[in-house]
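Undergrad: In case you want the letters, here they are:
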Amino acid sequence: MSILIAEAMTGGYGGADILKDCTIAVEPGQIVVIVGPNGAGKSTAMKAIFGMLALRQGRVRFDGRDISTLSPQQRVLEGMGFVPQTHNVFTSMTVEENLEMGAFIRRDDFRHSLEQVYALFPVLREKRRQPAGQLSGGQRQQVAVGRALMTQPRLLMLDEPTAGVSPIVMDELFDRIIEVARSGIAILMVEQNARQALAIADMGYVLVQGSNRYTDTGAALLANPEVRRSFLGG
Amino acid sequence: MNAWLNRYIGAPALFGLMGLALVLVGVLQSWSLALTIMIYCVVGAVMALGLNVQWGYAGLFNVGLMGFAALGGIAAVLVSMPPTVEAWQAGGSGIIASVLLSLATLAVALLVYRRMRRGRARLYTMALILLGGYFLTRQYFDPAVKLIEAVNPAATGYLGGAGLPIMLSWVVGGLFAAGAAWLIGKITLGLRSDYLAIATLGIAEIILSVLRFEEWLTRGVNNVNGLPRPLPQEIDLQQTAWVQEWALRLGMTVPDLASITVKLGYLALALAVLLLMFWLAQRAIHSPWGRMMRAIRDNETAAEAMGKDVKGRHLQVFVLGSAIVGVAGAMLVTIDGQFTPNTYNPLRFTFLIWVMVIVGGSGNNLGAILGGFLIWFFWVQAEPIGLWLMNVLTSTLPPDYWLRAHLLESAAHMRLMVMGLILLLALRFRPHGLIPERKR
Amino acid sequence: MADLLNALALLTNFVLLPAAAYGSQLALGALGVTLVYGILRFSNFAHGDTMAFGTMFAILLTWWLQAQGVSLGFLPTALLAIPFAILVTVAFVLLSDRWVYRYHRAKKAPAVVFLIASIGVMFVLNGIVRFVIGPGDQNFADGQRFVFTVAQFRAYTGLEQGVAFRTSQALTLATAVVIVAALFWFLERTRTGKSMRAYSDNENLALLSGINPERVVLITWVLAAALATVAGVLYGLDKGFRPFTYFQLLLPIFAAAIVGGLGSPLGAIAGGFVVAFSEVLLTYAWRRVFEYLGPEGWAPEGLMQLLSTDYKFAVSFVILVLVLLIRPTGLFGGKST
Numbered sequence: 017m018s019i020l021i022a023e024a025m026t027g028g029y030g031g032a033d034i035l036k037d038c039t040i041a042v043e044p045g046q047i048v049v050i051v052g053p054n055g056a057g058k059s060t061a062m063k064a065i066f067g068m069l070a071l072r073q074g075r076v077r078f079d080g081r082d083i084s085t086l087s088p089q090q091r092v093l094e095g096m097g098f099v100p101q102t103h104n105v106f107t108s109m110t111v112e113e114n115l116e117m118g119a120f121i122r123r124d125d126f127r128h129s130l131e132q133v134y135a136l137f138p139v140l141r142e143k144r145r146q147p148a149g150q151l152s153g154g155q156r157q158q159v160a161v162g163r164a165l166m167t168q169p170r171l172l173m174l175d176e177p178t179a180g181v182s183p184i185v186m187d188e189l190f191d192r193i194i195e196v197a198r199s200g201i202a203i204l205m206v207e208q209n210a211r212q213a214l215a216i217a218d219m220g221y222v223l224v225q226g227s228n229r230y231t232d233t234g235a236a237l238l239a240n241p242e243v244r245r246s247f248l249g250g
Numbered sequence: 002m003n004a005w006l007n008r009y010i011g012a013p014a015l016f017g018l019m020g021l022a023l024v025l026v027g028v029l030q031s032w033s034l035a036l037t038i039m040i041y042c043v044v045g046a047v048m049a050l051g052l053n054v055q056w057g058y059a060g061l062f063n064v065g066l067m068g069f070a071a072l073g074g075i076a077a078v079l080v081s082m083p084p085t086v087e088a089w090q091a092g093g094s095g096i097i098a099s100v101l102l103s104l105a106t107l108a109v110a111l112l113v114y115r116r117m118r119r120g121r122a123r124l125y126t127m128a129l130i131l132l133g134g135y136f137l138t139r140q141y142f143d144p145a146v147k148l149i150e151a152v153n154p155a156a157t158g159y160l161g162g163a164g165l166p167i168m169l170s171w172v173v174g175g176l177f178a179a180g181a182a183w184l185i186g187k188i189t190l191g192l193r194s195d196y197l198a199i200a201t202l203g204i205a206e207i208i209l210s211v212l213r214f215e216e217w218l219t220r221g222v223n224n225v226n227g228l229p230r231p232l233p234q235e236i237d238l239q240q241t242a243w244v245q246e247w248a249l250r251l252g253m254t255v256p257d258l259a260s261i262t263v264k265l266g267y268l269a270l271a272l273a274v275l276l277l278m279f280w281l282a283q284r285a286i287h288s289p290w291g292r293m294m295r296a297i298r299d300n301e302t303a304a305e306a307m308g309k310d311v312k313g314r315h316l317q318v319f320v321l322g323s324a325i326v327g328v329a330g331a332m333l334v335t336i337d338g339q340f341t342p343n344t345y346n347p348l349r350f351t352f353l354i355w356v357m358v359i360v361g362g363s364g365n366n367l368g369a370i371l372g373g374f375l376i377w378f379f380w381v382q383a384e385p386i387g388l389w390l391m392n393v394l395t396s397t398l399p400p401d402y403w404l405r406a407h408l409l410e411s412a413a414h415m416r417l418m419v420m421g422l423i424l425l426l427a428l429r430f431r432p433h434g435l436i437p438e439r440k441r
Numbered sequence: 011m012a013d014l015l016n017a018l019a020l021l022t023n024f025v026l027l028p029a030a031a032y033g034s035q036l037a038l039g040a041l042g043v044t045l046v047y048g049i050l051r052f053s054n055f056a057h058g059d060t061m062a063f064g065t066m067f068a069i070l071l072t073w074w075l076q077a078q079g080v081s082l083g084f085l086p087t088a089l090l091a092i093p094f095a096i097l098v099t100v101a102f103v104l105l106s107d108r109w110v111y112r113y114h115r116a117k118k119a120p121a122v123v124f125l126i127a128s129i130g131v132m133f134v135l136n137g138i139v140r141f142v143i144g145p146g147d148q149n150f151a152d153g154q155r156f157v158f159t160v161a162q163f164r165a166y167t168g169l170e171q172g173v174a175f176r177t178s179q180a181l182t183l184a185t186a187v188v189i190v191a192a193l194f195w196f197l198e199r200t201r202t203g204k205s206m207r208a209y210s211d212n213e214n215l216a217l218l219s220g221i222n223p224e225r226v227v228l229i230t231w232v233l234a235a236a237l238a239t240v241a242g243v244l245y246g247l248d249k250g251f252r253p254f255t256y257f258q259l260l261l262p263i264f265a266a267a268i269v270g271g272l273g274s275p276l277g278a279i280a281g282g283f284v285v286a287f288s289e290v291l292l293t294y295a296w297r298r299v300f301e302y303l304g305p306e307g308w309a310p311e312g313l314m315q316l317l318s319t320d321y322k323f324a325v326s327f328v329i330l331v332l333v334l335l336i337r338p339t340g341l342f343g344g345k346s347t
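Chains as they are written, first to last, in the numbering used here: chain P, 17 to 250; chain Z, 2 to 441; chain C, 11 to 347.
It is worth saying that the hints were derived from the structure and are not from the lab. Some hints here could point you the wrong way.
[Claimed, not checked] Stretches of chain P that chain C covers, calculated by requiring three or more beta carbons in the stretch to come under 8 Å of a beta carbon on chain C:
| # | stretch |
| --- | --- |
| 1 | 111-122 |
| 2 | 203-215 |
[To be verified] Among the chain C residues that face chain Z by a calculated CB cut under 7 Å, a handful are:
| # | residue |
| --- | --- |
| 3 | A12 |
| 4 | I129 |
| 5 | A174 |
| 6 | T177 |
| 7 | E224 |
| 8 | L261 |
| 9 | L317 |
| 10 | Y321 |
[As the list claims (entries may be wrong)] Below, in silico cross-link-like pairs of lysine to aspartate or glutamate (EDC-like), each with a Cα-Cα straight-line distance of 20 Å or less:
| # | chain 1 | residue 1 | chain 2 | residue 2 |
| --- | --- | --- | --- | --- |
| 11 | C | K322 | Z | E384 |
| 12 | P | K143 | P | D124 |
| 13 | C | K118 | Z | E215 |
| 14 | Z | K187 | Z | E305 |
| 15 | C | K322 | Z | E305 |
By construction, the Cβ of each residue, glycine as well, lies at the ideal position given by its N, Cα and C atoms.
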């Protein structure tokens with residue numbers, strides 16, 4: 017059973033519809049990437065799945081349950097982790113406190129998860145007592161992802177995680193994302209760097225003007241001449 | 002449709018209600034009282050108009066109105082009271098010397114600021130100059146003040162005024178307030194709303210402190226009584242033939258008619274000012290200048306991007322609005338005939354005027370005026386109504402029960418509570434006030 | 011040597027102790043303001059009158075206790091009244107949130123609206139306090155007035171100048187230390203406290219982390235009310251209670267909070283002392299100190315008072331404007347927007 021099916025999403029921010037009959041599905045342990053030109057509605061789709069905007073039509077089902085009416089906070093409790101594109105860390109709090117806040121909804125002993133995050137992102141262990149605001153862009157992204165991981169999600173959603181980071185950092189980040197997926201957590205990612213993202217994707221959704229244009233495995237999309245010409249710069 | 006109804010039927014209806022209330026006061030209590038209330042309502046409306054110019058046109062959160070009103074008030078004193086010749090002879094030169102010295106210090110400091118490069122050296126030099134200038138000035142200032150205050154302290158003890166007609170102070174008061182507003186605005190207008198609020202609150206406190214404690218200038222808490230009156234006094238009118246004749250004809254007592262006539266005179270003066278200000282304000286808002294102000298208010302970043310000098314415009318509005326409040330302050334002191342620094346209570350002045358503007362309709366001149374009338378009327382009448390209410394409520398209790406006495410005494414404080422409740426209710430249920438701004 | 015000690019004694023008596031006590035009172039007040047600002051994101055103009063309200067209740071309860079013959083020996087009876095006064099103030103503040111602020115929060119109103127609303131609450135509080143206890147001065151301090159008096163100090167040290175340590179000053183300092191320590195422990199070491207810091211830091215992310223906003227708001231008001239009450243009672247014990255004075259304290263309290271950086275608790279405390287010491291240092295008459303420190307027989311002309319005490323509010327104000335112009339985020343980098 018898919019861990020996430022968002023079917024026939026139609027809606028916007030109150031005015032015209034940005035998403036038109038858009039469908040996204042994620043299988044457990046998969047890395048799914050949403051790409052497309054600017055204004056295609058990628059971030060909007062992500063926000064709709066997370067419940068940050070109301071859909072006029074369509075449903076979102078998570079692990080079989082219809083969660084279309086749940087608020088984002090409730091979806092976090094269901095097992096969805098979300099890493100926003102900006103303002104995704106508590107800048108005045110230390111790295112460790114950020115991770116603690118990630119585990120806020122958990123009532124159990126989360127030290128094991130903390131160790132896992134530190135194992136995944138060793139630099140965070142080094143800097144755990146530093147305020148997150150003092151870290152570099154790439155390190156901050158790691159804190160942001162770590163914070164979301166502390167909620168023990170079954171699906172981790174990332175909104176343009178490599179926006180504004182250098183290529184080396186981007187590679188490292190993608191490596192980590194692969195590791196997270198390997199541990200059984202499904203990943204749904206919106207990315208601007210389409211080529212690199214599709215290279216690690218199990219499934220790719222190309223959105224144009226709010227609708228699905230191409231849906232295929234990452235490798236297939238990369239090989240698709242039309243996709244390459246339109247979105248990957250040949 | 003709704004807005005049209007609100008504006009063309011709502012507004013006159015509310016004003017009509019206001020008029021009715023005043024008539025009721027006249028009938029139930031006394032016409033003299035009704036007129037007095039109305040005069041103060043008009044002055045309050047002028048103040049509300051001044052605030053509305055700042056808040057409605059430019060969104061400036063000025064919580065220092067009390068200071069500007071006080072500046073207008075002191076203008077009335079400084080313009081109209083006769084100069085105390087002895088005091089001038091004793092300490093006048095010292096004061097002039099200190100003024101010149103402080104100006105010189107500021108000028109030198111400004112020069113240093115402009116000429117020297119940014120950095121520690123400049124900061125220290127300026128600090129030194131200012132400190133040195135301050136101490137030097139004090140050398141002349143302190144002895145002069147002592148001498149001035151020693152001149153007949155019971156009656157004067159201060160430098161006095163210019164001995165000019167008091168009506169001139171209505172203009173001078175506006176100028177004083179405008180000057181202060183320009184200075185303050187230059188320094189603080191870049192700040193965000195709540196910071197500006199605190200800053201202006203502080204300024205008002207400082208202005209009040211100066212007026213309260215610099216006795217050589219203002220007599221301080223000894224107050225200045227017996228300001229020259231622009232209109233004849235009631236007592237004098239009682240002697241005139243035509244008043245006595247008309248009193249007979251109208252079936253009133255002579256003192257009553259005299260009092261009413263004088264009050265009508267003041268009312269006419271105040272209304273003239275209000276109407277003039279209102280006309281000017283309405284002209285301004287319909288002019289290209291007004292449109293630009295509204296554009297800036299509605300979207301400041303866009304306006305700045307288009308090259309509009311937002312700061313400059315804000316300063317203009319701040320100065321204009323404060324000037325209006327200054328004029329009202331002068332009016333108030335003129336009508337009262339005395340200058341009492343201790344009556345300038347921030348609750349009664351600044352915050353009350355804010356309630357007027359919020360309740361009446363922020364951004365709307367007519368609304369501000371209506372708000373001025375309504376709120377002031379309520380403020381004044383709340384005490385008698387409160388007392389009456391308390392009497393009714395406690396009529397069942399024995400006459401010497403402590404609660405009864407306490408409640409009756411405290412009726413005056415009820416109005417603070419009620420005023421607060423009115424503000425909160427208005428904010429919640431009619432955030433655009435009684436007369437909403439017309440959408441253009 | 012004796013001269014130096016005498017000068018120090020003078021400074022301690024007229025500058026150090028009063029400024030430290032006043033600074034602690036301002037710090038406690040500023041903490042309340044800064045918490046509300048950081049978490050609820052508006053400047054609460056009603057805070058001064060909230061302090062008056064809490065103190066008023068403490069006073070009424072103290073009078074009742076005194077009438078019953080209860081006393082705390084050398085400590086003021088008012089200390090017993092504080093917990094109950096806090097409860098009542100908390101209740102009032104929560105009610106005001108429920109009836110006033112919550113509506114505007116739901117409407118996502120701009121901060122200015124909250125400010126105006128707090129002015130309305132201020133009016134109401136003002137009216138209530140004056141209605142219940144009147145606008146005049148009230149005295150409610152009892153117990154031993156001095157920890158040691160000037161005479162005792164002089165007898166003990168043999169110096170010419172004495173230092174008096176008032177009980178109210180000692181209490182203020184001790185209470186402030188305890189409360190600040192407790193507050194910081196709460197904010198830094200407990201899960202709830204950290205969630206409040208997180209909420210203050212980044213509201214959206216805090217919501218995403220499952221932090222309950224209503225609970226955070228509740229705790230903020232509780233803390234603010236408690237701080238206001240304690241600050242108010244300490245100030246009242248030290249300097250007497252008059253409703254209008256508490257309104258006037260708004261300016262130095264906000265100055266303190268802004269100087270330290272709005273939203274930063276550490277800043278509020280630092281700011282409180284900066285403002286208090288500035289006010290006292292600038293309005294103190296330095297003449298006698300200079301007499302001791304200067305050469306034998308030399309006495310400076312005049313009082314050597316930089317600013318008359320009448321202008322002490324001017325000091326807070328100038329500090330405030332300077333900070334806003336030069337470093338708007340304050341000493342400890344609070345929020346500026």
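Undergrad: Confirm or reject each hint.
TA: These are the hints, each one checked on the structure:
With 6 residues bearing a CB less than 8 Å from a CB of chain C, the stretch 111-122 of chain P meets the requirement of three and the coverage assertion stands. With 0 residues bearing a CB less than 8 Å from a CB of chain C, the stretch 203-215 of chain P misses the requirement of three and the coverage assertion fails. The beta carbon of C/A12 is not positioned within 7 Å of any beta carbon in chain Z (closest approach about 30 Å), and the interface hint is therefore violated. Because the smallest distance between the Cβ of C/I129 and any Cβ of chain Z comes to about 6 Å, under 7 Å, the interface hint for this residue holds.
Violation of the interface hint for C/A174 is found here, the shortest Cβ-Cβ separation to chain Z being roughly 28 Å, above the 7 Å cut-off. Taking 7 Å as the C-beta contact cut-off toward chain Z, the hint placing C/T177 at the interface is violated, the least distance being around 31 Å. Residue-level restraint check for C/E224 is violated (minimum Cβ-Cβ distance to chain Z is 20 Å; threshold 7 Å). At about 5 Å, the closest approach between the beta carbon of C/L261 and any beta carbon in chain Z falls short of 7 Å, and the interface hint on this residue holds.
The beta carbon of C/L317 comes no nearer than 10 Å to any beta carbon in chain Z, farther than 7 Å, and the hint placing it at the interface is violated. Hint status for C/Y321 relative to chain Z: holds, with the closest Cβ pair at about 6 Å, below 7 Å. Between C/K322 and Z/E384, the direct Cα distance comes to roughly 34 Å. Violation of the 20 Å bound is thereby established for this hinted pair. Proximity of P/K143 to P/D124 is assessed by CA-CA distance (about 25 Å); at most 20 Å being required, the pair is judged violated.
A hinted pair counts as satisfied when its Cα atoms are at most 20 Å apart, and C/K118 with Z/E215 does not qualify at roughly 46 Å. Annotation: proposed proximity of Z/K187 to Z/E305 holds, straight-line Cα distance about 18 Å (limit 20 Å). Among the hinted pairs, C/K322 with Z/E305 is inconsistent with the structure: their alpha-carbon atoms are about 39 Å apart, more than 20 Å.
Of the hints listed earlier, those the structure fails to meet are numbers 2, 3, 5, 6, 7, 9, 11, 12, 13 and 15, in rising order.
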